[in-house]
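The chain contents come next:
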Amino acid sequence: MLLIDCPWCGPRDEIEFRYGGQAGVAYPEDPAALTDEQWAEYLYVRDNPKGWFHERWFHAAGCRTWFTVRRHTVTHEIKPGGPDGAPEPGRGRDAPDRRRRFPRGLA
Amino acid sequence: MGGHDGGTAQPYRLATGGRIDRGRTLRFTFDGRTLTGHPGDTVASALLANGVRVVGRSVDLGRPRGVYTCGVEEPNALLRIDAEPMVAATTVPLRDGLAAASLRGKGRLTEPDGAAGRHDKAYLHCDVLVVGGGPAGLAAALAAGVTGARVVLVDEQEEVGGDLLGSRVRIDGAPAAEWVAAVLGRLAALPETRVLPRTTALGYYDHNYLVALERRGPDATRLWHIRAVRVVLATGAHERLIPFPGNDRPGVMLANAARTYANRYGVLPGRRAVVFTCADSGYLAAADLLAAGVDVAAIVDPRPGDGPAAAAVAGRGVEVLRGAAVTGTGAGDQGVLASVTVRAGGHERVFEADLLAVCGGWNPAVHLFGQSQGRLRFDDDLQAYVPHLSAQAERSAGACRGVFGTAAAIADGFAAGAQAAELCGYARPGRWAAPPTDEPDGPAEPTAPLRDLVEHEPAPGAHREAFVDLHRDVTVAGIRRALGAGLRSAEHVKRYTTAGTGAEQGKTAVTSPVVSALLGDPAGPTTFRPPYTPVSFAALAGKDRGMLSDPARLTALHDRHVALGAAFEDAGGWLRPRCYPRPGEDTAAAVLRECTAVRTACGALDASTLGKIDVQGPDAGEFLDRVYTNTMSTLPVGSCRYGLMCRADGTVFDDGVVARLAEDHFLVTTTTGNAAAVLDRLEEWRQTEWPGLRVWLTPVTDHWSVITVAGPRSRRVVAALAPGLDLAGFPFMTWREATVLGVAGARILRVSFSGELCYEIHVPSWYGAAVWDAVLELGAVPYGTEAMHVLRAEKGHILIGHETDGTVIPHDLGLARLVATGKRDFIGKRSFARPDARRPDRRRLVGLLPEDPAALVDEGAQLIAPDGDGPPRPPVRMLGHVTSSYRSAALGRTFALALATAAPGDRLVAWSRGRAVPVTVVDPVFYDPGGARRDGDPADRDRAPEPPPRPLAPAAARSPLAGYAERFAAAGPGTTIREIPFLRMWEVRARAVPSAPTADVLELGPGWWLIVGDEEPVVHHGCCVDVSAQRTVIELSGPEVREVLLTGCPIDLHPSAFEVGQHAQTLLGQAPVIVQRTADDTYRLYVRASYAAYLADWLLDACRAEVAAAS
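If you're matching them up, the sequences are chains R and B in order. In this text, residue positions in the first sequence follow the working numbering: the first is 1, and each later residue adds one. In this text, residue positions in the second sequence follow the working numbering: the first is 10001, and each later residue adds one.
Calculated from the structure, these hints are not laboratory results. Quantities reported herein were computed from a predicted structural model and do not represent experimental measurements. One or more hints might be untrue.
In the EDC-like style, the derived pairs of lysine to aspartate or glutamate whose C-alpha atoms are separated by at most 20 Å in a straight line are [what the hints assert, rightly or not]:
1. R:79 - B:10060
2. B:10823 - R:36
3. B:10829 - R:77
4. B:10823 - R:55
5. B:10829 - R:41
6. B:10106 - B:10060
7. R:50 - B:10206
Taking the hints into account, I'd like the entire structure generated from these sequences.
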């Protein structure tokens, strides 16, 4: 049972969350301009590294916030942060205002 | 030998000593014989006391076997004990009236009796978890506990103390048990330390999450889910066997077990013993056996020369044979040990003995460490694997780390506990000197390696009786065969021979050492996997059984449906009436009757389960345009529109009606089963892709009861319910706000799934039952989901999950008109341009009419081309499949919907389960294709309006738990449960905290608040949604409330982590809740109305369990 550090609620058990797959796969600006291959790449192709992976989680049973963490796929170690370790302002996945910390248990 | 006179006839019971209460006698049976024992006994010790040497036969070879160990590692004494089909007799405390039986034939499970077992689970959070209550574990718990850290100590035995309880060691000049009692006394005085005896840590999972099973009584368990900041493993070590021929006879026993039976249980494990040991501990065991009155004939030690360990038996007349080994055993009556053959100094000698105590060395119990993904290393001195590199925030201490000797273990445990507390941020405890003991501090000599005992080139037939794994009947010869087959890794040998796969997972087995010895190369250990000891499914299921196994969400009308005799079905987690059979009516007849009522008069459907999402904000229209395939921003205020949502890959995800409530305010409805998924998806796109859109989503499914009144006579019903409503000026696909039975703010939508004139009445769920009662009183016939499905299928309307399956795009369903073709993008649009979406032979929605109008085709039947009589001959081209199939009252025949590559007029065969049904393909709209009936029966239009019925009484409010007051009152002492109904609540989404001075403001998430108060809060730059009937509040108070809550709430409810005034959104049982601590011992639970009954039942059950456990 992973312990996932929700940027809003603090660390909570995995059962409260929904997995959101690889982070940083943005919806294309203009899907119509993409070839079928490029579009299929967006739809279906994701990284599957052995090691650190940027991924999204949704705190479904808590504050209902989407956020990004880095997880090591071998050890399951989890660290906060978006792709490249930097927040992605504007994309909303890891916007700074979502990263306010509150005492444990305070939702 | 059987004891019939109450306690005196236990021939192997010592007159004094041990931790048993000879003042009380317990009677039990073994294979039908009545025997006696005492409190403090295990079943195994009582059997030994009664002289029972053979407890069963081995699984494969059927050889007689006796008690071999004194703990969870027992490979032989696996018995059926009362209803438990297979448990280690060495771990079960004796109780009066217990019935034990050796295993034979196939095992059998007794029919589970729901009332008999009491199983639940609980969540614990702590700073330091100590696993194991031996010397190291006790010292670790004490060292951590005195710092004020939150400490949990779990120990698997009946009594905490571990090996000290079976030892004669003196600590600080006093018996070890006194030291144990003193430490336990100090731990009990620490308010933040919890000691859980009879609790086995079964699994060590990610992020320091351990699962431990507490045995709370016969057939009563609790599965603890423990999250610890630091873990100290003090799990001790298991003695291992030695593989010599005949090492499995009853009478052969691990040396430490023999010693423990003598010391702890006051039982003579034999009268004349030989000790065969590879390690110094065997000498201590021999000394203890001598002290108990056992005649120790010899100590056989394969190590050469003299060793200091012999000092333990010096002057006691025991022959110590060094450089020697046991080479065989002789059997007497029943195959029980009678003699031991020893090869010493090149000669073979035979000793008469009824006990052969063996010690092949010690395996540190690294099971949990291995599960935590820690890495092991091989220790040459111990000839065993010991922890090397930790993978988690954990440290081993004492024997499980290879530190042997009581004083050394205490010191190591204390250091580990102190370090763990310090790493949690607590001040290090003061210096502490480990108490002195009268025992040698750990082994003076290395353990003899097994390779010296396993012959490399044996005579033919040798080793057939030298067992490596007693439980699985694996011998050295079997291992040799596996290696001969070319296997080299211990993992492969394990799978080939099944060594280590028994109930005890080979805890005493020596598979890996024998493989190493035979190969001359070290073979690694096999992987350690949970559970550490067997666990019953009942314990894992806990309370999640029967009605609590899967929470059924109930609508506000549920008890009305029950009273009507509804047949229920599970629909997306809800219990919905499938139909309402009348006495003497079967389901099919009921459905036909209900369909007829809707088509000819008026029916009423509880549609409250429909997902409802309140969408607000200046960009709400734009947002909906992006998620629906059709355009919602152009919808006029007051109108409704049917829409489709697709996934990015273009497949249909969900459908539903959108109503525009105001310029920047929409109500989105979803299918019952997809409500949560749709909300999650919308939230995902809103937060992660379009954070710039000013739009807020609020689920309001539980706030509204929805009653669908459908049929040509429905106008009259609605007129009576809402007298002020102008029904003449209320066209199809619009909605009106109305006062329904005096309830202001109700919404009525003129939409229709059945094709008939239809009104969907939305009222706050407090009033749902009253409105339903009135609707039925006005003559509407209740109809269930099955009739709804038939009616919609007659109209060719799709049902998500029936006509869609994750491959279907809107065009396949004939719904291309719902796909906007303008320039704007929406989710899924690009995928419609993929070649696959444009394939001309895609399966499309069609209607089917079986040629025999009475034949009902199976849903899921394959559609194939007709090919003469008899079964189809391969290869058969699948042209499609049947998605829905019903009997229609309106058509007077059966019909079906299908996805198929076919055109109207085609004749196909629906093939399923060996039955071929010829069908004709038709247009999927079977009934009223012109849509004339949606405004009522055309024949009725000229009829004079009927006189209005007598005025109806205003609706009375009813809370979700109105029927629970009595049960709450009887919840038991210690806990008060009550519902606080009818609180006014609003959900606010805004940039800043809303101003609501007199209200309780619960912040639920970023920019998201729940306001509980009397006045609607004032909100700027955001939205405020009335959700008063969405949730109800259950208040729990009493000193035991926290203990009740932790049996279902995964968050840390410790008073220091969850202070008065705090709240959290989380889970309780399987229900999502907001937990609010309003006073020291008072908590409020805000629970969705549909989950309220589940949660109330769950709480009542938890309170009962708490009362039962306390008594």
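Verification of the hints:
1. R:79 - B:10060: 50 Å, violated
2. B:10823 - R:36: Cα-Cα ~19 Å, so holds.
3. B:10829 - R:77: 38 Å, violated
4. B:10823 - R:55: 32 Å, violated
5. B:10829 - R:41: 16 Å, holds
6. B:10106 - B:10060: Roughly 13 Å separates the two Cα atoms, so the pair holds.
7. R:50 - B:10206: 17 Å, holds
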